[in-house]
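A.B. asks: Below, each chain spelled out in residue letters.
Protein chains: 2
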Amino acid sequence: MAENYEVEQPSQTHQTLQEVSRALENGMFVHVRRMLEDMEPEDIAHLLEASPPKSRLVLWQLTDPEEQGEILEELSEDIKDGIMVRMQPEQLAAATEGMDTDDLAYLLRSLPENVSQDVLSQMDAQDRARVEQALAYPEETAGGMMNTDVVTIRSDVTVDVVLRYLRMKGELPEATDALYVVDENSRLIGELPITVLLTSQPDTEVLEVMEDVDDAIPVDMSDSDVASLFERRNWVSAPVVDEEHQLVGRITIDDVVDIIREDAEHSMMSMAGLDDEEDTFAPVLKSARSRSIWLGANVLAALAAASVSNLFENTLDQMAAIAVLMTIVPSMGGVAGNQTVALVIRGLAVGHIGDSNTRWLLNKEALVGLLNGVLWACIIGGVVVLWKGNLMLGGIIAAAMLTNLVVAGVAGVTVPILLKKMKVDPALAGGMALTTITDMVGLSVFLGLATLFLV
Amino acid sequence: MAENYEVEQPSQTHQTLQEVSRALENGMFVHVRRMLEDMEPEDIAHLLEASPPKSRLVLWQLTDPEEQGEILEELSEDIKDGIMVRMQPEQLAAATEGMDTDDLAYLLRSLPENVSQDVLSQMDAQDRARVEQALAYPEETAGGMMNTDVVTIRSDVTVDVVLRYLRMKGELPEATDALYVVDENSRLIGELPITVLLTSQPDTEVLEVMEDVDDAIPVDMSDSDVASLFERRNWVSAPVVDEEHQLVGRITIDDVVDIIREDAEHSMMSMAGLDDEEDTFAPVLKSARSRSIWLGANVLAALAAASVSNLFENTLDQMAAIAVLMTIVPSMGGVAGNQTVALVIRGLAVGHIGDSNTRWLLNKEALVGLLNGVLWACIIGGVVVLWKGNLMLGGIIAAAMLTNLVVAGVAGVTVPILLKKMKVDPALAGGMALTTITDMVGLSVFLGLATLFLV
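Each protein sequence line maps, in turn, to chains A and B.
First residue of the first sequence: 33, per this note's numbering; consecutive thereafter.
First residue of the second sequence: 33, per this note's numbering; consecutive thereafter.
Just so you know, these hints were derived from the structure itself, not from any lab.
Since we're looking at a predicted model, the values are computed, not measured.
Watch out, some of these pointers could steer you wrong.
Given that identical chains are not distinguished, each listed pair holds provided it fits within a single copy or across any two copies.
Simulated pairs of lysine-lysine, DSS-like, Cα-Cα distance not exceeding 30 Å [unchecked claim]: (1) LYS318 x LYS455; (2) LYS455 x LYS201; (3) LYS86 x LYS318; (4) LYS318 x LYS452.
Isolated chain A, as found in the complex (with noise of 0.2 Å):
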């Protein structure tokens, strides 16, 4: 037993991958398909996820039928979807049985809606209505996110009765760390934890030991919400109830820790232009496609800081050493200022900023800005008078900085809370919109001085 407790350490992925893709090369698919055999269906999710698109294919053709549908829930979006819409409905029906309704559902949204009916149609009847109930709900809301395999019980039994329940049952949803006790309307009406269960004395009543539940989440509660009351309260697996308190599912940790990681990652991709689901080996048509918008945004961007030079264009022909220095405060107005927008980014996603402490993070900014210009303006004049050899010129750089690393903070708080209150998403929008202000203000602050004082 000692020797068998290694665990697939992240390099290891590479060293299999590097295996497998020299397998293919030489088409060498029997051994691909045994080493494939001894993999976990997550860890070959991974390995196509980490494989470029060709030998995806190749690779989800050698992989166990059997095992297709538990893979294919551990992909990423684009990936998935790929690889779903040349199946047929015979083979995803087989594939996906046996599966979570939840995650069922999940696939189910992704196809075409001639295909997943084709699907349905191949399930037997209990499970199809069960899908079809989960499909009812909208998918970024607790019902959409929800299992409906819950266990419940009645207050009135004894412990003893559930343990002979159970074991009658022979087989508990996964994950499972509480019973629900709910009334004759199916209400929730409190909750066993299976840990209290075990512990109780066998004549003890369900309504003794039972716990309340003071939060049960409502089925139109977002996922992001859902994720955050998971995180927060610490949960394995939480009850979800409709409008009359009545239990219709149940959510567990694993499907809440996906949409904990997208809704991080989101930001990050986001705030460079990217979509959340881009799949690293896309083809190269796909990427260009999907990154040219925000490229697209950039040049109006970039032309507008242009226009803004433009104005200045008989001082930039009188003196070409204002030329030369005219980007360097744009520059440094950009990245004070996204420093800002992704800590405001960051707090508002995870909701430390509101309305109360607007006015006291934006003069924190402001301030912050205004240290750092007196800093980076004393720092750069100073280079720029013995660079140059021009002092008026050292302190119009010096001024221009000043002024845009105040604005930079001013900016880098309201923009993203002033595009969240207009329902746009302030990580896709608000870097760009910041980096325009502070190009714009730092090239007309600098070229404008430049143009009283200096021609």
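Given chain A's structure and the hints, the job is docking chain B onto it.
C.D. replies: Then chain B, alone, in the frame of chain A:
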């Protein structure tokens, strides 16, 4: 019961927060204390994080000392440290009573050595021994994350004996989803999921129903690797073993969730040049200092770009239109390159990118750069011809754009990968290194071609 199921929506925090700030301003401390009494420790922690520093200290004084340990656990590093340094060792010892060993060890690590010794000396001998054992493992490893209170059983007893043993114990550690089966040398030989325990017949032997543990976590595994294992395997808890495969502890999902979020946030915050633990409401001086380091790095980058322009001072002197347009190409290169950098950083973080697919990715991103380069070269070239009425200038900016976007794609892949090989955090240094490259290449090509063909 039905009116009792409302959950704390994120926006409610800010209503509470506004009510609390108003009450604090008006000196209604009793009212605030009563509000805090009704709140869960994790919600109080959230309230503290969303408050400016001054209110934080007042609020802390008003919290129930019995709950302070749990509140501390939920706070982020910076804020927790700020509060703990003001507490007396007796207060700390009282606040931390009854805390899980892993959480307590985590708290003690952030205290100065002499204070944590003081706190330890206030604890009873058994607890102290446990915490000291936990402190012996490095912080960012499985050993540092794990909890030592695990329930172990032998394989030769029956399910009924196990059930009676658990009832005798009377309480199980939080989030217990499996009991661990060990041999006479404490070596882990299997696990008995609680769901299996509940559904097995009383006279069954543990040996017959226990499951293999293929991938117990080695005690020295890094916390990020532990998090990605949990995420991939959908675990709720997992056993930790030492080199002899002896069971030493257990890691639960709630500790892992924090690391998953931290790891995901790390990339976003680092890319903007922020520490991921940076407190949104940190004091001005502290924030200004931590951000000025990054601005300092950018000053060097901006001066490097200016010194490239400086090489072409003669050209700029002769044609101001060139100065007006010279910021466009670097700006587009920076945006395109940062898209690639963000994609590669995420790919490296989740383990999708390695030696086996770097070359493929490099080709792909170069091609994406080429395609978008052609597109935006045509557009910008056309705009410039129409705007400035100079065909050659349009051709020059188009050529520079094309070159710079291809360079951006290539550098976007190679820079983060090289940084990682050099053990520098690609999320921290990648974006700025990339921008420096695209600024310098963009300016040199544009100004160089302009010098050759226009002056």
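A.B. asks: None of the hints should be skipped; say for each whether it holds.
C.D. replies: Each hint tested on the structure:
1. With identical chains, the CA atoms of LYS318 and LYS455 are at most 30 Å apart within one copy only, with a shortest distance of 27 Å there and 32 Å across copies.
2. Proximity of LYS455 to LYS201 under the C-alpha cut-off of 30 Å is found in neither arrangement, the shortest distances being 48 Å within a copy and 53 Å between copies.
3. In the homo-oligomer, the alpha carbons of LYS86 and LYS318 lie at most 30 Å apart inside one protomer (15 Å), although the nearest pairing across protomers, at 51 Å, exceeds that limit.
4. For a Cα distance limit of 30 Å, the shortest separation of LYS318 from LYS452 qualifies both inside one copy, at 29 Å, and across copies, at 27 Å.
Checked against the numbered hints above, the structure violates only hint 2.
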